[in-house]
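Construct the entire structure; sequences and hints are all you get.
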Amino acid sequence: MPRISSLATRVVAALVVGTLGLLAVLAVVGLGPRHVATRPARGRSRPVVTASVTRCGDGFDAVATQPVGQIDVRDDDSRPGEVRVVAVGGARDGAVYADLELLAPGTTVPLAIDLPTGSYAVQCLMEDEEPVTGGVVDVQGASTGTRGVPPVDQSELLRTTLDYQAAVGHRLGRVRHRISGLVQHLASGDLPAARHDWIAAHRGYQLLGGAYGAFGELGDAIDGLPHGPPTLDRHPVTGFHRIEHDLFTARPHTARLIGDARALASDLAALSHRLRSTQLAPLDLVLRAHEITEDLLQRTLTGRDDLGSHTALATADGDLAATADVLRRLRPVLTGRVPHPARLFTDLTTTRALVRRLARTPDAHRSVAQWPRVDREQLASAVAGLAESLAPLAVALEPRRTS
Amino acid sequence: MSASMDRRGLFRGLAGTGLAAGAAGLAAGCAHAGASARADEPATDAPDGPDRVISPYGEHQPGIAGEPGSAVSVLALDVVATDRGGLAEALKALSSRVGTLTQGYAPRPTGISGPPSDSGVLGPDVPADGLTVTVSVGASLFDHRFGLAGAKPLRLKPMHAFADDDLDAARCGGDLLLQVSADHGDTVLHAVRDLMRHTRGALAPRWRIDGARPPSRPTGAPRNHLGFKDGIANPSADDFDALVWAGDDEPAWTAGGSYHVVRIIRMLTEFWDRVGLSEQERMIGRRRDSGAPLSGSTDADDPDYSDDPRGSVTPLDSHIRLANPRTDATADQRMLRRAWNYDAGLDLAGNLDLGLVFTCFQTDLERAFETVQHRLQGEPLVDYITPVGGGYFFALPGLRDEQDRYGRGLLDT
Ligand code: HEM
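In order, the protein sequences belong to chains A and B.
Position 202 of the first sequence, counting from 1, maps to 202 under my numbering, and the rest follow consecutively.
Position 201 of the second sequence, counting from 1, maps to 201 under my numbering, and the rest follow consecutively.
The hints are simulated quantities; they were obtained by calculation from the structure and are not laboratory data.
Just so you know, even glycine gets a beta-carbon here, dropped at the ideal spot from N, CA and C.
Honestly, I wouldn't trust all of these hints.
Claimed, not checked - Computed list of lysine to aspartate or glutamate pairs in DMTMM-like fashion (alpha-carbon distance at most 25 Å, straight line): (1) B:157 <-> A:375; (2) B:157 <-> A:377; (3) B:152 <-> B:273; (4) B:152 <-> B:412; (5) B:152 <-> B:366; (6) B:157 <-> B:370; (7) B:152 <-> A:76; (8) B:152 <-> B:241; (9) B:157 <-> B:273.
Claimed, not checked - A partial selection of chain A residues facing chain B, derived with a Cβ cut-off under 8 Å: (10) 148; (11) 158; (12) 381.
Structure, rendered in structure tokens:
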């Protein structure tokens, strides 16, 4: 479930070049007009390259003269598999320049390539078999082309993911503590304190980075939004937003709120248990790098998740802090895989400073729709730019088979 | 003239022959040149003919004088960057993307370095498909932020509400305007997504309206939602220097540019459909079926008011007579109009939300658009139309070549 939604998001939000800072990269990346129509004209036959354990890369030598365009990859094996074009030797040894996954036996699938000058080979990773590398081909291409990326092995991220999971568990403890405070303040009728608890707990929950259903149905119960108007919604909202809806009104119904807060507390306890008993996949950590900001754009900066508390800026602050945390943890694997890692950190810092500046204005207590347009444009653009520049991480750092 | 030409002619490469009159001649010229430049590269055909390539390079932006595409998206944006360098980066990115998209290209594979560089909605090869992007600037760009106050085109200002308007602030103004047009709606939307993506973080989208130019029914200019042919009368290319392109008194950087007005005009079509035909024709000043002026027999006839001082044939308050009285005194008030129909669903009362994306280009905003709009105030047609948004912009000079960028002269000031 969570995977499907996050995949869909990745497709929709799939973006290469983003923030202002990265605009400058355009020319370097080679999207300029000089690269118009580099594909070989129609009619010229496409090289057919074999994928199999025994004849991996047969036919690949044709790219020596056609380094840009499409090759047809034919799975001649009895097994499904994955095929990559990798650099051989030199500074980028092992870097992946093209990748075709989910290749079924007997099928032929086109693969687009754009290889800069260098030496390359085809790598066949057939199911249940050791990777096989075909013959090396020297390509005299352009100096630019696809940027090769060394694959990240699952094992490189195991330690980081475990540490991250422990930190999330720790933060969850603090959220649960806040929610017990909420129950107490509701019981004693101290509504201002109860609202304060809610805001702190909700911001704290954002720090867990549970974007895009990372926590599955439990995450929905905790921080889900209404699915439509009450007349259409067969699964009325629970958790944070049900409490928000009833707490931030003039005369809240405390008895009902206490029940809702206890239900939230028990869902948080269940999440805590799950975090201790299951292991987070490294892919989840990598995806969070941009999915937290996607969530912020879609749920918070559109005003959709505001059921009365008008705390979009607190949510944004929590989301950006969570993104910064993920990014810091990924730092060791960023180098050589993302063009300007340092810029990501600067952009994130600038955006967080913007949130803090806005938090000192009346926007801190208003719904997003009530903000001055310029504030909305500034923040939405900064976050959207961030999402653009973070999106490549999910692809470049995705843990892949290397043996 | 321009609208009655057959676009199929362009596809067949017959452009330029017998079409010299009017804006069409220019459009045809561009298309022809572009097509032959790509003769050895027939990689990306449109579903209904060879690809139509309109070069983005030249003295003027080609979307102004050229034959309008059948689909348009008008997108207003605000500049988020807070200094001139940031604005320059955004304009550079736009220039580079427009250069690529308007010529058709094969997006480059990204391997595992990131998501695909292209949305894929036009397939693996992106056709040019008659794409033009007209980039214009609004008066707000010339405030304190970028130090451009001194470089503002003389007549550029925010659009105020006219007497018959009902403007929605959320659909007015903007620092920048992109008018993206092509032969198919998917090509327009593809370009819009691409341009937004490459300027994300630097340009904040403000409002957008999409429109379509339907095919001729059965001949001549396409019809608007009132059932009347629209775009029959327009100045001819010979008059563009006097009527369309920026004048000599403007800042030097504006040469080749034009004042660009956009009006989003709602049409109350249910109400209109309850009006008798002759009353409709009196309001417009033309026959509905043929498009002929009331003073003529076919839509090729020019309206003639010389023998009709009291409006016994063409009412004095008919739309076309008020808009262009065709006198020597009003000759310099003419403008180059480009309009598309929009369809935005329903309003609260269940009426269709239909209307016109009215755009026009002129040398002098006040002399042309504002004078005419004032003269149209209270015309009988106003009961059936309501302007709800839009703005005043200045269409930048054309890109000279691949190295050039939008606003070069402006930012160098
Ligand atoms: C929804 C709003 C409008 C509708 C339905 C409409 C409709 C029409 C129609 C049917 C024609 C005759 C066909 C043609 O010559 O192209 C026409 C002509 C014209 N309209 Fe409009 N129009 C609208 C708004 C405007 C506006 C806002 C202006 C400018 C302020 C304008 C200026 C003109 C001019 C200058 C002509 C050409 C008159 C001539 O040269 O004979 N129109 N319009």
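| request: Sort out which numbered hints this structure fails and list those numbers smallest first. | output: 3, 7, 9, 11
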